[in-house]
Structure formats: C-alpha cells, structure tokens
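Participant: Starting from the known structure of chain A, arrange chain B on it as the hints suggest.
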Amino acid sequence: MKKTIKKNRNQLLESWFDATINTYPEESARILGKKSNRFDNPIGGVTRETLEDVLTLITEDFSREDLEKALDPVIRIRAVQTFDPANAVSFVFALKEIGESVIEKADIINFYRLVDEMALAAFNRYMKCREDIFLLKATESKRRIHRAFERAGLVAELSEGDLLGSKKS
Amino acid sequence: MADELTPDEALDKIDYRPRSSSEPRNWLDTTKSVQIRPGMYCYAAKPESVETLGLPYAREWNPTDEDWKLPENWQEILHEGIKERLERFRTFKIFMDICVRCGACADKCHFFLGTGDPKNMPVLRAELLRSIYRNDFTFAGKLLKKIPGGKRLLGSREMSLEALKEMWYYFFQCTECRRCSVFCPYGIDTAEITIIGRELLNLLGLNIDWIATPVSNCYQTGNHLGIQPHAFKDMLEFFVEDIEDITGVDCTPEFQKKGADILFITPSGDVFADPGTYTCQGYLILFKYLKDKYGLDVTWSTYASEGGNFGFFTSHETMKRLNAKMYAEAKRLGVKWILGGECGHMWRVINQYMDTMNGPADFLEVPVNPITGTRFENAASTKMVHICEFTADLIKHGKLELDKSRNANRVLTFHDSCNPARGMGLLEEPRYCIKACADEFYEMPPNTIREQTFCCGSGAGLNAGENIELRMAGALPRANAVKYVHNKFGVNSLATICAIDRAALPTMCEYWVPEVDVIGVHELVGNALILPGEKERTEDLRMEPLPGVEEE
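The listed protein sequences correspond, in order, to chains A and B. Count the first sequence with UniProt numbering and you get residues 1 to 169, in order. Count the second sequence with UniProt numbering and you get residues 1 to 552, in order.
Bound conformation, chain A alone (with noise of 0.2 Å):
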C-alpha cells in the first residue's frame, strides 16, 4: 500500500489539495487554491506543503505524535477560522473517497485504517490548538499590562509565575 501511496502521491495531493480548499466557500476558493506565491497565499501555500509533508509521512514509519505534528500547520490555520470542529478537520476524511481510485481492493481496509488514524491526531492537534487559543485569551492582557504593574509594584497579587506554577503542579 505504501508504495502505491508513494507511486500517486501527486494525484492524491492535487485531488486531497482540492478537496481541502473547497470546504472554503466558493468565492474564496477559487483564490486560496491558485499556486500563487506562498506569502500572497498562506492558506493556499501552507495546506499544499502539509498535506504533502503528510503523504510523504505515511509512506515511512511514523507515529501517532509525528502524524500530528505533520498536521500542525493545516489545522492551526483551520482552528482560527470560522470552521466547526467537524468541519475543521472533516478533509481528512475526503482521503478515503480518493484513495479508492488507486489504492488496490485487498488494501483498501487498511488504508481506511490509516485514514482514521491520521483523523484521530488531526483532532488531538485542532484540540491542542483550541487550548492555545482559549490560554492565549485568558493570559493575554494579564501578560501585557498585569505584568508591568506588578514589577512596578502597583499591584500586589499572586503573580504570573506563581499562577502559571500552580497549573503545572
């Protein structure tokens, strides 16, 4: 199977690139999915070179955590965008449907299997990037303003580094 992979990794890319773009609405997708420049299009240009990188993965030996990191720049984009849970790693799925054109019969279960897979570290990672989000939310002015009035000595509280302390103990 894993040779199959390798041997149509462009067709896999080009057709899970495209299925991927297009969970964007219509408009929007016909833009973000040119092969423009990757600075004048990050969503474009960094979900090509993932879902690449990840093609690439799943033809060596890889784990779970490695999939995941694979993953980390697609779905830290998707994680900030207006996209539902499902729908922020739904194109993960889309792999199966396009994998049936040329993974063979007797491996197509196993393929499946690694479709599900990679769809199980897609969300581990979409949830790690919502945890980023929701603590960058509730440190972020602490960290900014708090902080300087508390070296100022104008406030006199439990500090940032003793509340961070107490979330790792």
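These are computed hints drawn from the structure, not numbers from a lab. Predicted, not measured: the structure shown is a model, and the values here were computed from it. Among the hints, erroneous ones may be present.
Claimed, not checked - So, partial list: chain B residues that the calculated Cβ filter (under 8 Å) puts toward chain A:
#	residue
1	37
2	115
3	117
4	183
5	187
6	250
7	253
8	274
9	277
10	294
11	445
12	468
13	469
14	476
15	477
16	511
A virtual CB, placed ideally from N, CA and C, is assigned to each residue, including glycine.
Facilitator: Just chain B, lined up with the frame of chain A:
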C-alpha cells in the same frame, strides 16, 4: 498585481454565489448568511463610554441579539449621514463611484487571506456600503430600481437591518491598514471607506468597546488606559530605578517642563504594557545621553500622555478632539517642537490629518535637530518628528556611541507597521537604527514588507481578547513570513515600531511561531547606547544576562 490579471480572471474573482433561493447568484442578498460569529467580533461599546463623549444613542446592546435597539428612524439617520459625508469628503464620493470591481485588491487583505471569508475581500467589504450608495444616491440606482432585475444589474440594495448588521460585522473586521489600496489601479483607499463606514455606525451608537472605552478614557484622563498622572509618573520613576540598577546611571526625566527644547509624546502602551515598557526605557536612556552629552532638554507630559488616537477609529471629530491636546500642551509648555515615540496609527493621524485638523501650529518651530543641524522638512508643517528619524539622524552624524555586542543574542527581522510604512513612508530609518544596534538582521520576503507589509491583524481598535480568532487568522500572512525567516535564518526577534504591534505580535508569535520574541527598536537602542559614566552592564533592559555574560 492588477496587470497580471486578464479581464476574465478579474471578473472571476467576484462570485455572485447563491445566497438566497429567491435570487440565486446575487451575493448582495445576504439575508440568509449574516452570522455574527463568536471569536470574530468585538463586544459592543459600554453606554457610559459613549455618553462621556456625547456621542448619540448610548445604550446596552448585544451584537448577537436580534434587536439592536436602534432608534426608530435609523435609516433616515444613516441616509442623512451618508449624504452629508458625500458632500464633505470628495474622496468618499469618488471612491463610491469609480470602483470597477477589477478584483486587484481581492486577495491582498490579510483578513481575507487569513479567514478565507469572501466578504473580507476589500472590494466586497466596500461593496456593502457602495451597494446602498448606488441604490439611494445615484441616478442610475433610482431609475433601475423601478425595473425588475434592475437592482441586480447595478449591484444595489436597500438599507435593511441585515445590511446594517453585515456592515457592522465587516467594518470591524478591517484594520484600515491600506494594503489593498497599494494594489488598486484607481488608488481607492478602502481604509477610508471603513473609516466613513465606522463613522456612520457611530451615528447609531454602534461602536465596539475596545475603541469606545479607550477613547472615553483618553478624553477624560489623557490616555487610553485611563491611568492618572501620578501613576504615569510612578511608572516612569520605576523604569528609572530599573535602568539605574542595570547601568548605574540615573535617567530621571522632566515632566511638564516649561521652556524645554522638545516635548516627547508616545503611546501610553509604552508606559504601561510589556514589552513596550522596555522600549520606553530605551527612550529614557537616549534622552539622558543627549542631555549629558549635548545639553538637549526633553520633557514628558502627564497631560499629553497618549500619542495614540483611537478617536481615529470613531469619527473625524473624535480624532480631532483627542489630537488637540498634543498641540495644546506644546503651546502651554512653550517647547520648540514635538518628538513622537514608536507608534502606528498615531503617525497616520499626525502625518495626514493633524495639520489641517488642529493646525497650523504656528507657535512651534520647524523641527531642527540641535545636535546635528538637520532640518526635518517633512515635518515642517506638523512640527512633529518621528523618533526613528531623529535617532537615525543622530547615528548618521556619529553622535551616538553604540555597543552592538549587547544585542548579539538577537537575530532580527523588522515588521513594517502599516501606518508608518504606508501612511508616511517611514521605511529606511528604523532599519538603519536596527542595523546600527545589532549585527544580525534579515528581511522577510519582499512581498510582505515595506509598502506591501502585512498588518499585525489587531490594528484600528481590534486588539481585544474576545475576537482572538479573528486576530490570529488576520495575523497569518505576517506570521507565515516571520516563520519563514525563523526557519531559514534562525531569526528570534521581531522588531517593530508600533505600540499595538508590541501588544499584539507577542500573542501572534506565541500561537504561530513561539520561538520568536517581539522587541521595539528603541529597546535595542537603549541596550546598545553607552551612557556617560555607566557601570559595566551585565544585564539587558529585560534584566536578562547580556550575551557573553551568562557563560561566565
């Protein structure tokens, strides 16, 4: 770029996708699609803040509620508001008329590129207001709306509640950064459309709190954070103590000193919010150096304690009221001219509005650097000089003694803040200062810097907590370029000259590129500048060991 597009492709960029079953392919009919999504919008202005400023229709309201508690004749108010502004602002009238919807701006907005929401294409955002203008104010509009299908032909629509809600939602998803205007073949400044759009929304009391409360604070107390004069002085005195610990030199500044050479005004974020506070310490060190070496007399003011101007994000009148205190204080103190700190929109207000709003400031002199003799012709009328121009001029004339090795732990890149870059063309001076203070500097890709710089995603009053998803999505194009130089050159420090950047970019970095830290240009100057009589420094302004010292 516009010239790379064929007409078909350009037209292709605007898609009139089905929005309603009654009129498929008409994107203007958005009745089904107006969704005020959490994470993308800012909370409504508190009524007290709106009241302080005497702005109309102060009330409790919630953007996610069906009922926005609008005045009964709100459509009439808006109609009159648009009419008045079309007469007052020639630019607004032209920008409403001349857009040919070529689509050159469509993919230039960081909010579109980050959110993927088609209504964040500048052309479509502007079209939200333009469609109403066409319907109510143009001859063709009046004629065509009587014909079936005429409205669609012209791209016009009635001022409905849904249209109003949509304008509110998207005009507060624009940071007025003007990147789109760089690419417009007609020179339409879409930011000005947002400015007028927000001004119109304010006629109905529809501001956001992250703007209204700072404006109210600034109007009453002198700065956005509402910090009173004694606390402002306390903070600077605390910085003085820290600097003395680090350098052994007392950098106590002057406050409200009558007859000083220069009045220094900076955004209050530099005084109260990390990491701007370290930039503020850099200013204190620079002024002490100039006083000891050259006898330059600089004063701060607890009255003009805010360089920023959130009035700019409310209305022209509010901007004028907040800006007036700069000139009033300069006049009262009898200084020669004003020096301004590292800030973003403050400089757009100064460079493009101050002179005609509250000027001419005939009582001030055309700024001349008394140490180098340089006459700042660009500030001949506003009488206000950017500190990066001032410092770059001092460096150019060899007037500052700098030890670059103290910043040797920093591998730098520079984020051009939208307003100094596009609003006043300040591109070289900050880079010149950085390169004089540190050895390792790498530019981000050319299509992401200078006049093409990508916004931090939090400007124009949108640096709130509740809209963090919008901010992080909007910061994607910037972060994407930062990540690139981090990976390629090992960049670990993102230098910037804007207080909003210093507040917003650390959060951006933490989410997208956690290995990169944010630093003001004058923090670098403060670290590198060798003060007369200083002790051997072992720490930088953040009280972290200087490079080389940590190993000893």
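Participant: Among all the numbered hints in the text so far, which are the ones the structure does not match?
Facilitator: Those not satisfied are hints 4, 5, 6, 7, 10.
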